[in-house]
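The task is simple: from the sequences and hints, build the whole structure.
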Amino acid sequence: MGVKKTDIVLLDDKGIRCDGRKINEPRRIMIKAGVLKNANGSAYIEFGENKILAGVFGPRDVHPKHLANTDRGILRCRYHMQPFSVGERKNPAPSRREIEISKVIKEALEPAVMLENFPRTVVDVFIEILQADGGSRCAALDAAAVALADAGIPMRDMVSACAAGKVADTIVLDINNEEDQEGQADMPVAYMPNLGKVTLIQLDGVLTPQEYEKCVNTALEGCKIVYEIQKKALQEKFFGDDSQ
Amino acid sequence: MTATIIDDLKKKKILALLKEGQRIDGRALDEPRQLTVDTGVIPKAEGSARVRLGDTEVVCGVKIQPDKPFPDLGDRGIFICTAEILPLADPNAEPGPPGEEVIELARVVDRGIRESGMVDLKQLVLEKDKSVIGIFIDNSVTDYDGNLFDACSYASVASVLSCKLPKYEYNDGVVTKKDGEFSAPPITTIPVSVTMGKIGDSIVVDPNADEWNCMNGRITITTNAAGNICAVQKGGNDGFTPEQLIQCSKISIATGAKIRDILKQAGGS
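Chains as they are written, first to last, in my numbering: chain C, 399 to 642; chain H, 536 to 804.
Hints in this document: simulated from the structure, not taken from any laboratory.
Take these hints with a grain of salt, some might be off.
The calculated lysine to aspartate or glutamate pairs, modelled on DMTMM-like cross-linking and capped at a C-alpha distance of 20 Å, are [to be verified]: (1) Lys501(C) x Glu636(H); (2) Lys657(H) x Asp417(C); (3) Lys488(C) x Asp773(H); (4) Lys785(H) x Glu580(C); (5) Lys501(C) x Asp773(H); (6) Lys665(H) x Asp745(H); (7) Lys449(C) x Glu496(C); (8) Lys612(C) x Glu566(H); (9) Lys546(H) x Asp469(C); (10) Lys547(H) x Asp469(C).
Non-contacting residues of chain C with respect to chain H, defined by C-beta distances greater than 10 Å in every case (computed) [unchecked claim]: (11) Gly413; (12) Ser483; (13) Phe516; (14) Asp522; (15) Asn575; (16) Pro607.
Backbone N, C-alpha and C define an ideal beta-carbon position, used for all residues, glycine too.
Spelled out as structure tokens, the structure:
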């Protein structure tokens with residue numbers, strides 16, 4: 399973990415974090431479904447300072463053709479950061495980090511999507527990070543899952559993602575960029591809330607077995623909060639916003 | 536990559552055996568394959584190891600070179616760990632730029648060792664913000680029989696443990712190597728990764744290639760010498776229940792402790 403010369407207080411003696419949140423409080427999350435005209439399904443998410451667009455195309459013909467599978471459809475996923483999404487300009491070519499994240503996001507969504515219904519086709523999920531803050535892979539997954547549902551693709555369950563981590567020797571929910579840089583551990587988790595299955599888990603940083611268990615459970619609580627927001631976004635898209 | 540009829544038959548056999556708690560090669564569910572580690576196999580590299588995990592074989596070399604530090608990490612040495620599947624290792628491997636599988640492999644192996652803090656990078660600074668020692672670890676898979684994550688991780692750890700760090704001096708922007716002077720690298724802990732596959736509802740440790748082909752979930756958990764968890768990576772197209780995640784962490788700690796002894800002995804420390 400990077401150590402900088404700044405002296406931000408990650409957790410004060412009242413249990414308040416550097417951005418004013420409590421230990422088990424997620425950042426502000428806003429999701430809007432159906433934001434793109436051409437995509438079959440789409441979603442926009444603001445997760446703290448993260449601003450992310452997800453678009454879904456398919457099921458459609460596979461190109462190149464040899465990738466097609468005769469007994470089930472395939473899922474492809476691209477997580478891509480805009481050059482202007484971070485402090486220093488990011489080279490627009492996909493980095494090794496982005497390729498790995500694309501893969502873990504694909505594998506997190508795959509258990510939920512009923513690909514066996516669409517042999518010989520592909521479902522493409524495109525995720526563009528317009529602005530990145532800590533936890534962009536979880537936010538990206540949340541938007542992608544809503545976009546898949548928005549596209550009307552049959553799913554076994556929603557996929558909801560949220561990270562937990564260790565900051566100032568305390569397990570906290572949804573770590574932000576500063577906490578990621580200066581904190582002790584970061585654990586992104588994706589969860590299918592009705593089937594009770596974790597479809598993505600990564601960790602960097604050292605945790606005792608007890609902290610590991612607590613961290614998993616904290617992240618799952620966050621996933622459940624996100625799940626309610628995802629459901630609301632889809633409800634507003636398909637059944638209208640009550641306030642309008 | 537298309538499944539043949541033999542693959543289908545093998546998969547059925549593996550699933551049927553697992554229902555009775557048995558594995559296709561006769562191992563217990565939480566039993567890794569035999570691990571052999573030879574260090575010092577490449578004398579031109581500052582550290583090296585050849586690791587065999589069952590029939591998976593990896594050759595790993597460590598090169599030590601002075602380098603400029605990363606701009607935001609001027610008070611730390613450089614640590615980079617890569618992995619490559621050589622075309623002679625597997626009929627499906629092709630030369631050329633790495634695919635997502637290989638990129639993930641390299642990043643997971645790197646992350647496990649880096650996050651454990653195995654090498655104290657703060658002790659590798661020659662001149663703050665100007666010059667540091669870089670540790671470059673390159674893994675080459677020479678024979679494939681599943682579970683490259685652990686084989687590469689063990690090879691990297693053994694190579695670093697057996698590595699001899701040359702002495703360097705920094706004077707007015709010039710770095711000179713002092714011939715014939717070596718020290719041991721600053722090691723703080725020995726990380727051990729343990730990869731488990733989920734086949735049906737069974738969790739198997741260190742899946743071989745046949746098991747790798749039919750498992751639907753995978754998790755790699757790296758632990759340090761104190762029995763703490765320092766890195767996790769889940770893969771595959773199925774999920775784990777929260778209970779299984781806890782179960783896997785316990786398996787990793789227990790299995791990792793045994794493997795740590797083998798690595799320690801091979802590394803000569």
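How the hints compare with the structure:
no., hint, result
1, Lys501(C) x Glu636(H), "holds, 8 Å"
2, Lys657(H) x Asp417(C), "violated, 30 Å"
3, Lys488(C) x Asp773(H), "violated, 32 Å"
4, Lys785(H) x Glu580(C), "violated, 28 Å"
5, Lys501(C) x Asp773(H), "holds, 13 Å"
6, Lys665(H) x Asp745(H), "violated, 49 Å"
7, Lys449(C) x Glu496(C), "holds, 16 Å"
8, Lys612(C) x Glu566(H), "violated, 27 Å"
9, Lys546(H) x Asp469(C), "holds, 17 Å"
10, Lys547(H) x Asp469(C), "holds, 18 Å"
11, Gly413, "holds, 24 Å"
12, Ser483, "holds, 18 Å"
13, Phe516, "holds, 15 Å"
14, Asp522, "holds, 15 Å"
15, Asn575, "holds, 13 Å"
16, Pro607, "violated, 6 Å"
When each numbered hint is compared with the structure, violations occur for hints 2, 3, 4, 6, 8 and 16.
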